[in-house]
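Trainee: With these hints in hand, go ahead and build the complete structure from the sequences.
Using the working numbering, you'd call the opening residue of the sequence shown number 679 and step up by one each time.
Careful: at least some of the hints might be erroneous.
[Claimed, not checked] Listed below are the simulated SDA-like cross-link pairs for lysine to any residue, each with C-alpha atoms no more than 20 Å apart in a straight line:
1. K871 / L802
2. K766 / F800
3. K871 / L967
4. K774 / D733
5. K970 / N956
6. K865 / V847
7. K734 / K774
8. K686 / N912
9. K914 / K894
10. K742 / V770
11. K774 / I740
12. K871 / I821
13. K771 / L802
14. K742 / L719
15. K869 / N915
16. K812 / I839
17. K808 / K869
18. K865 / K808
19. K831 / K858
20. K858 / Q818
21. K698 / N956
22. K831 / L967
23. K894 / Q818
24. K812 / I832
25. K970 / A697
26. K771 / S829
27. K734 / I754
Keep in mind that the hints were calculated from the coordinates and are not lab data.
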Amino acid sequence: MKDTFTLKFRGVRGSYPVAKKEFLEFGGNTSSLEINCFNQLIILDCGTGIIDIGDKLINDSISKPLVQSNIFLSHIHQDHIQGLQFYKPLFVKDAKINLFGFPPDGENLEDLFETILFDKVFPLKLSEIKSNFKINNVAQNEIVVINQNGSTKIYNTKDSILINEDDIVVSFYKTELHPKYGSLCIKIQYKTKTLVYATDIEFIKGKDEGFIDFAKNCDVLISDAQYTNSDYNNPKNPKYGFGHSTFEMAIDVADLTNAKKLFFFHYDPYYDDNKLKNLQTSFENDRILFAKENLEIEI
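Mentor: The structure is reproduced here in structure tokens:
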């Protein structure tokens with residue numbers, strides 16, 4: 679259907695991937711989401727979950743053309759970029775990949791990627807990548823519009839912008855509530871539906887009211903929920919200031935934004951299936967849900 683807007687969780691873990699049998703139900707891959715709006719593919723973050731997206735695209739390309747990838751990064755901490763080097767379309771000559779991100783301190787994202795992902799830490803330099811791979815720096819006062827033909831354009835929000843009814847609009851909110859350079863919250867609007875992705879943010883009441891306006895009345899809010907209250911407030915090893923939220927913080931923000939559905943996301947790598955299932959009994963209902971690897975929903 680032309681109006682289809684789907685979300686598939688490909689990696690829901692924070693900090694580092696976990697490869698143990700006790701983590702199979704919720705998944706051990708780090709942050710990556712696959713979103714399809716009609717025939718346009720959007721990927722949020724490049725944790726190890728992006729590897730499965732790439733594998734599927736390559737397998738599908740045997741019978742049909744390789745689709746364009748539009749990747750949006752929340753930030754460049756390791757658990758959000760560590761799968762990019764193993765995203766197979768990157769090495770296919772005919773593949774077209776657009777990556778958008780917010781570099782820290784006015785640096786250039788392409789230069790940073792060359793340093794931290796390629797060249798000396800990978801067999802290839804960024805310039806040796808075969809695909810048509812374009813890295814774009816975006817700012818909080820900009821939006822990206824993707825039309826149904828796959829073309830992408832960055833606009834300043836102060837400009838006069840003509841949005842067609844079939845266009846996908848991606849906008850950003852930079853929060854400083856994650857050390858050291860903050861994190862980019864991402865909003866995707868398609869037709870009448872809105873999804874907001876807010877990972878690596880510490881939702882302390884009163885600290886970031888701008889996000890509440892940014893996410894107001896969204897259909898789906900995907901929120902950082904790395905810690906339980908007891909871990910967050912552990913007197914021997916408190917997590918205050920680490921830039922991550924508790925499950926209760928995520929619920930508070932969902933209430934303040936009037937989000938129709940909330941998905942907990944970015945689980946601590948120490949939280950195995952049993953721990954998360956126990957938490958489900960306390961928190962989950964028709965509106966509040968736990969993200970699981972390979973769970974797919976329609977927005």
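Trainee: Work down the list of hints and note, for each, if the structure agrees.
Mentor: Now the hints, each set against the structure:
For the hint linking K871 to L802, the alpha-carbon distance of about 40 Å lies beyond 20 Å, and the restraint is violated. For the suggested pair K766 and F800, the alpha carbons sit about 14 Å apart, so the restraint of at most 20 Å is met. For the given pair, K871 sits about 18 Å from L967 by alpha-carbon distance, which is consistent with the 20 Å threshold. Our distance criterion of 20 Å between C-alpha atoms is met by K774 and D733, whose separation comes to about 15 Å.
As the CA atoms of K970 and N956 are separated by approximately 15 Å, the hinted pair is consistent with the 20 Å bound. Between K865 and V847 the alpha-carbon distance is near 8 Å, which keeps this suggested pair within the 20 Å criterion. For the hint linking K734 to K774, the alpha-carbon distance of about 16 Å falls within 20 Å, and the restraint holds. Taking the CA atoms of K686 and N912, the gap is about 33 Å. The hint is violated against a cut of 20 Å.
At roughly 37 Å between alpha-carbon atoms, K914 and K894 are farther apart than 20 Å, so this suggested pair is violated. Distance restraint check for K742 and V770: the Cα-Cα separation of roughly 14 Å lies within the 20 Å cut-off, and the hinted pair is therefore satisfied. A hinted pair counts as satisfied when its Cα atoms are at most 20 Å apart, and K774 with I740 qualifies at roughly 16 Å. A C-alpha spacing of about 17 Å is found between K871 and I821, which places the hinted pair at or below 20 Å, so the restraint holds.
Note on K771 and L802: the hinted pairing holds, with a Cα-Cα distance of about 15 Å set against a maximum of 20 Å. The hinted pair formed by K742 and L719 meets the criterion: a straight-line CA distance of about 15 Å does not exceed 20 Å. With a CA separation close to 45 Å, the supplied pair K869 and N915 exceeds the 20 Å bound. At most 20 Å may separate the alpha-carbon atoms for a hinted pair to count; K812 and I839 exceed this at roughly 23 Å.
Restraint check: the Cα-Cα separation between K808 and K869 comes to about 34 Å, which exceeds 20 Å; the hinted pair is violated. Restraint check for K865 and K808: the C-alpha separation of about 30 Å exceeds 20 Å, so the hint is violated. Under the criterion of a C-alpha separation no larger than 20 Å, the hint pairing K831 with K858 is inconsistent with the structure, at around 29 Å. Pair hint K858 plus Q818 holds up; C-alpha atoms about 17 Å apart against a cutoff of 20 Å.
Distance check on the hinted pair: K698 and N956 sit about 19 Å apart at the alpha-carbon level, within 20 Å; holds. Using a Cα cut-off of 20 Å, the hinted pair K831 and L967 is violated, with the two alpha carbons roughly 34 Å apart. Straight-line distance between C-alpha atoms of K894 and Q818 comes to about 17 Å, which keeps the hinted pair within the 20 Å bound. For the hint pairing K812 with I832, the CA-to-CA distance comes to about 13 Å; that is within 20 Å, so the pair holds.
Restraint check for K970 and A697: the C-alpha separation of about 15 Å stays at or below 20 Å, so the hint holds. In summary, the hint linking K771 to S829 is supported, as the alpha carbons are separated by about 19 Å, within the 20 Å threshold. Simply put, K734 and I754 have alpha-carbon atoms about 24 Å apart, too far for the 20 Å limit, and the pair is violated.
Violated hints, in rising order: 1, 8, 9, 15, 16, 17, 18, 19, 22 and 27; the structure is consistent with all others.
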